[in-house]
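Undergrad: Below are the chains, spelled out letter by letter.
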Amino acid sequence: EAAVTQSPRNKVAVTGGKVTLSCNQTNNHNNMYWYRQDTGHGLRLIHYSYGAGSTEKGDIPDGYKASRPSQENFSLILELATPSQTSVYFCASGVDWGVGGQNTLYFGAGTRLSVL
Amino acid sequence: QQKVQQSPESLIVPEGGMASLNCTFSDRNSQYFWWYRQHSGEGPKALMSIFSNGDKKEGRFTAHLNKASLHVSLHIKDSQPSDSALYFCAVRGTNTGKLTFGDGTVLTVKP
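Order-wise, the sequence lines are chains A and B. At position 78 of the first sequence the residue is numbered 490 (the working numbering), and the sequence of numbers has no breaks. At position 61 of the second sequence the residue is numbered 84 (the working numbering), and the sequence of numbers has no breaks.
Hints in this document: simulated from the structure, not taken from any laboratory. Careful: at least some of the hints might be erroneous.
What the hints assert, rightly or not - Computed cross-link-like contacts, PhoX-like style, restricted to lysine-lysine with a CA-CA straight-line distance of at most 20 Å:
1) B:90 / A:469
2) B:26 / B:121
3) B:68 / B:79
4) A:477 / B:79
5) B:90 / B:79
6) B:133 / B:90
7) B:121 / B:133
8) A:423 / A:469
9) B:68 / A:469
The model shown is predicted, which means the values in this text are computed figures rather than measured ones.
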């Protein structure tokens, strides 16, 4: 099965600090995604990428940056963390969406972020 | 912007019973639909996909899609305690890699 690894699994940050969440996939998937999960809001898309060097804004990109330096790695960066960014963050990967509908996403185990 | 709504928010069924989960979407250009399941403390995992109108059955799970009525559903037959989880409906349109999720339905199967 596809493997997506997130680090760290838990993170406590201070308001105004910089936070970087990392994601690595070993499946050679072109597409990678960052979602956040909050009670009552399900999974909301922050940023996504179609391949190395590309990033696209999702539905809630404000306050977040993304970086895709290689096929395997996709990072989410909070330059100035705020308490409203306290959440569980999930990274996912999937094959090229152009291949019909066959882009089932494979999720990591999540990073629980608390901003105090 | 695509809106995906799920109902009910939570559902309790007895072991061996039938669970029915519903999902409506707003974009008539939507083409591809998935159900994901998330057990506590884990990431979501794809349960099944459906791309054509009608029913698709995989074991105890049956998905139903009606694009004209903007509706997709999941039915779980002979529910087991291990089916207790958070279930998400996910929708993708054409010409985009963007997948939009609903808010989820919490299913509890009582032994």
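Undergrad: Between residue 121 of chain B and residue 133 of chain B, does the CA-CA distance stay at or below 20 Å?
TA: Cα-Cα ~36 Å, so violated.
Undergrad: Sort out whether residue 90 of chain B lies within 20 Å of residue 133 of chain B, counting only the CA atoms.
TA: Since the Cα atoms of residue 133 of chain B and residue 90 of chain B sit roughly 33 Å apart, the hinted pair is violated (cutoff 20 Å).
Undergrad: Can you confirm whether the C-alpha distance between residue 90 of chain B and residue 469 of chain A stays at or below 20 Å?
TA: Between residue 90 of chain B and residue 469 of chain A the Cα gap is close to 27 Å, so the pair fails against 20 Å, i.e. violated.
Undergrad: Is residue 68 of chain B within 20 Å of residue 469 of chain A, Cα to Cα?
TA: Violated: residue 68 of chain B and residue 469 of chain A sit about 23 Å apart, past 20 Å.
Undergrad: Residue 423 of chain A and residue 469 of chain A: Cα distance at most 20 Å?
TA: Distance of about 24 Å is beyond 20 Å: violated.
Undergrad: Do the alpha carbons of residue 68 of chain B and residue 79 of chain B lie within 20 Å of each other, as the hint requires?
TA: holds (18 Å)
Undergrad: Is the Cα-Cα distance between residue 26 of chain B and residue 121 of chain B 20 Å or less?
TA: holds (13 Å)
Undergrad: Can you confirm whether the C-alpha distance between residue 477 of chain A and residue 79 of chain B stays at or below 20 Å?
TA: violated (39 Å)
Undergrad: Does the alpha-carbon distance linking residue 90 of chain B and residue 79 of chain B stay inside the 20 Å limit?
TA: holds (14 Å)
Of the numbered hints stated above, those contradicted by the structure are hints 1, 4, 6, 7, 8, 9, listed in ascending order.
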